[in-house]
Amino acid sequence: MLKLKNVLANFKKQFLSISKHPYFGFIVLGLIFLFALFLRNMGLLTISVINTFTLVMIYSVVAMGFSLLLGFGGLASLGTAGLVGLGSFIMGYFHGIGGMSFGMTIVISIIIALAVGLLVGFISLRIEGMYLAIITLGLGEMLRQFFISYDTFTGGFTGTSLRSFKIFGKLFESGNDNYFNTVYIIVIICFILAMVATINIIKSPTGRALLSMKNSESAAQSMGISIIKYRLLAFILSSVFAVLGGVLYILHTKFSYPPQWNLSYSLDILAAVIVGGAQSIYGIIIGVFLIFGLKVSVLNYIPFFSNNPALIVIFNGVLIVLVVMFYPGGLIRLLQTSWFKLKIKLAKIKMKWRTYRYGKDDE
Amino acid sequence: MPGIDVAVRQILIIILGLIAIYAALDLFWLRKQTHKSLYRSRALNVLIVLSILTMIVISARLFTLPIIIQILLLNTIDLSILILATTAVVLIFKTSVTTNFAQGMMATFGAFFAASVVMKLIDNGSTNMTLILFAGLFAGIVISFLLGLFIDVMIIRKGKNVNSVGKQMITMGLVMVIMGIIPVIFGSNPIVLPAFSVDVKIFNIGDYPMVIPVQNLYAIAITVIVLAALFIALRFTKWGLGVRATASSETIASMMGVNTHVITAMSWAIAGGLGAIAAFFYASMGTQVQVASMVPVQVNAFMAAVLGSFGSFGGSIIGAILINVFSSIAPYYNGTWQLVIVYGIILLIVLAKPLGLFGKKIAKKV
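Just so you know, the protein sequences line up as chains A and B, in that order.
Using this note's numbering, read the first sequence as starting at 1 and increasing by one per residue.
Using this note's numbering, read the second sequence as starting at 1 and increasing by one per residue.
Derived from the structure by calculation, the hints contain no laboratory data.
Please read these numbers as outputs of a predicted model, since none were measured by experiment.
Do not rely on the hints blindly, as some may be mistaken.
[To be verified] With a Cα cut of at most 35 Å, we get these calculated DSBU-like pairs of lysine-lysine:
#1 A:350 to A:295
#2 A:295 to B:158
#3 B:360 to A:341
#4 A:360 to A:343
#5 B:158 to A:214
#6 B:361 to B:158
#7 A:214 to B:361
#8 B:36 to A:229
#9 A:229 to B:360
#10 A:214 to B:353
#11 A:345 to B:158
#12 A:350 to A:5
#13 B:32 to A:229
#14 A:214 to B:36
#15 A:229 to B:158
#16 A:214 to A:295
#17 A:12 to B:32
#18 B:158 to A:343
#19 A:214 to B:360
[Claimed, not checked] So the derived list for chain B, only partly shown, Cβ under 7 Å to chain A, looks like this:
#20 66
#21 67
#22 99
#23 172
#24 179
#25 336
[As the list claims (entries may be wrong)] To list a few chain A residues with every Cβ distance to chain B over 10 Å, as calculated:
#26 16
#27 168
#28 264
In this text, a Cβ means the ideal position worked out from N, Cα and C, and glycines have one as well.
Build the full structure now, drawing on both the sequences and the hints.
Shown next as structure tokens:
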């Protein structure tokens with residue numbers, strides 16, 4: 001009996017030490033999403049909810065890259081949509097039409113993302129602040145125009161569609177459950193990997209350097225941080241994340257058409273990062289869920305909103321405005337502070353109960 | 001890549017030539033000067049002006065000058081819309097230090113209101129079309145004015161220590177709110193908004209007959225009157241002085257007794273009004289008001305403000321004119337790649353002059 005208790009205590013101690021590790025939360029989150037797939041296969045969840053989850057995960061990958069740029073590098077960019085679109089078209093063209101292998105396509109997309117990131121990074125060395133945001137907006141519009149005009153690559157207005165993909169020698173045809181489940185699992189794996197990569201970047205000297213660059217460039221430079229290197233790095237990282245997000249996007253939705261990668265998509269990503277909290281991974285996921293997923297997974301089930309679709313847009317807008325006005329650190333900051341306050345309240349109640357139970361301490 | 005033809009090759013040659021000239025200047029002349037940065041910026045200005053002139057000369061040789069003038073005349077309505085939108089963006093940037101993404105939506109709201117007023121008046125049996133349209137325009141301006149006032153007083157100002165990216169986000173949220181509200185108030189279909197006139201006016205320049213739509217003349221006249229009034233107000237009234245003071249430093253201006261709240265509120269309101277005029281004419285171009293119609297204009301206005309510099313009204317107007325000239329001539333070179341050509345040129349100019357053509361470098365305190 002005593003032995004069992006010891007084992008249990010030991011187990012609890014080990015569990016607690018594991019649960020402190022940052023990866024623990026990510027894996028739990030991944031398992032929750034995986035569990036949703038099981039529920040769907042049992043018929044308890046509708047397919048639209050799973051679709052929403054997939055989109056939330058894909059856009060979270062994009063938003064994490066963006067938060068490295070905005071939350072850590074302090075560089076605003078509005079060209080995200082173009083990069084995500086680029087990723088989707090690379091996948092559609094090289095893998096879908098060209099018949100290149102999956103791994104090779106990923107390598108090509110990363111190389112192209114590196115090139116674009118380097119280009120924008122070099123531009124950012126000369127142009128700063130609001131000007132940079134608007135110039136990247138222009139770059140995004142240029143990319144969109146490029147997608148529309150260069151129709152051998154993207155299919156012009158009709159867009160590209162991906163009928164099947166091949167991974168590890170197995171062919172997956174779209175339209176059946178097998179395809180759906182495989183893509184969902186690939187997305188979960190990429191999502192977890194992206195979170196792991198992001199937290200490693202944040203906690204490493206690179207992340208610290210980016211943060212110091214955000215707070216004061218002159219101070220960072222005087223401490224020996226190379227602005228050129230870290231700006232380029234920030235842009236390269238964010239564009240790689242965005243392009244990979246695009247690759248995942250076309251795997252999931254099976255099509256991509258140029259006019260969809262417009263300014264409002266970039267602004268939505270920006271809004272998700274700001275609303276959730278630009279410096280926290282969970283914050284970003286919450287933000288992405290609020291902006292992209294709330295409508296399909298929650299609001300459509302409330303009759304008040306499903307009867308008036310215009311109200312959903314208003315609701316989203318009001319939410320963004322209120323969060324930015326009153327919680328500049330994002331929703332995650334609100335959750336953290338309220339959790340902290342709750343903890344203090346609980347401690348006080350415990351104290352009161354103790355004085356009631358055991359009497360007051362003598363002075 | 002398809003579509004690389006004469007124009008793109010010429011532009012590439014001009015750009016490479018400029019870079020070569022600049023490199024030569026840098027090697028043989030600039031490095032020996034004592035005030036390097038001053039001479040460098042002057043040399044860049046001269047080179048940019050030269051390159052723009054060369055482009056115009058080349059395109060004039062390609063199309064002959066009268067055709068270019070004709071193209072520009074037909075695009076004057078775009079030009080007035082762009083100038084109004086740019087001025088509104090710069091006005092808000094000067095006082096609130098943020099780029100207002102809701103500018104287009106505020107304007108569209110005004111245009112919707114104007115169109116519905118026009119429809120009401122026509123239904124009630126009024127016959128004088130010009131008068132009706134002016135009434136509608138006035139109503140649109142007033143409603144956008146009030147909307148701008150409301151946004152600044154009730155929303156932007158109430159935010160708790162919101163920085164400039166935060167303000168940007170608020171305006172983005174407002175885009176969504178207004179986008180949702182428009183169908184609730186005005187119905188989900190686009191509203192028809194007739195033009196002042198569908199006639200054209202024909203006149204001669206030299207031996208060449210020129211055509212200009214009368215609608216363009218209305219747009220130019222209204223733009224010139226409004227902008228003249230605005231610039232006179234900026235130059236000679238107390239509000240204008242306040243705007244200039246707030247633009248240089250909001251804190252110090254408020255310490256010197258400038259009521260910065262009134263100044264920013266008025267700027268938002270006036271920007272709303274300017275936007276309403278722009279959206280009114282933009283809608284009459286496509287004969288109906290749509291929710292998303294002002295987005296490309298807004299993007300162009302941002303680009304114009306960057307090109308000319310956010311700091312000066314005159315500079316941003318010149319930026320708007322340049323963008324209009326580029327984007328009206330570009331389609332005749334190459335229809336599919338016009339946006340890429342125009343934005344590429346802007347990008348190159350901004351790379352050479354990071355603060356815009358007329359921007360002044362402000363020394364930052366570390």
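Next on the checklist: So, against the hints stated earlier in the document, which numbers end up violated here?
Outcome noted: 1, 3, 15, 17, 20, 21, 28
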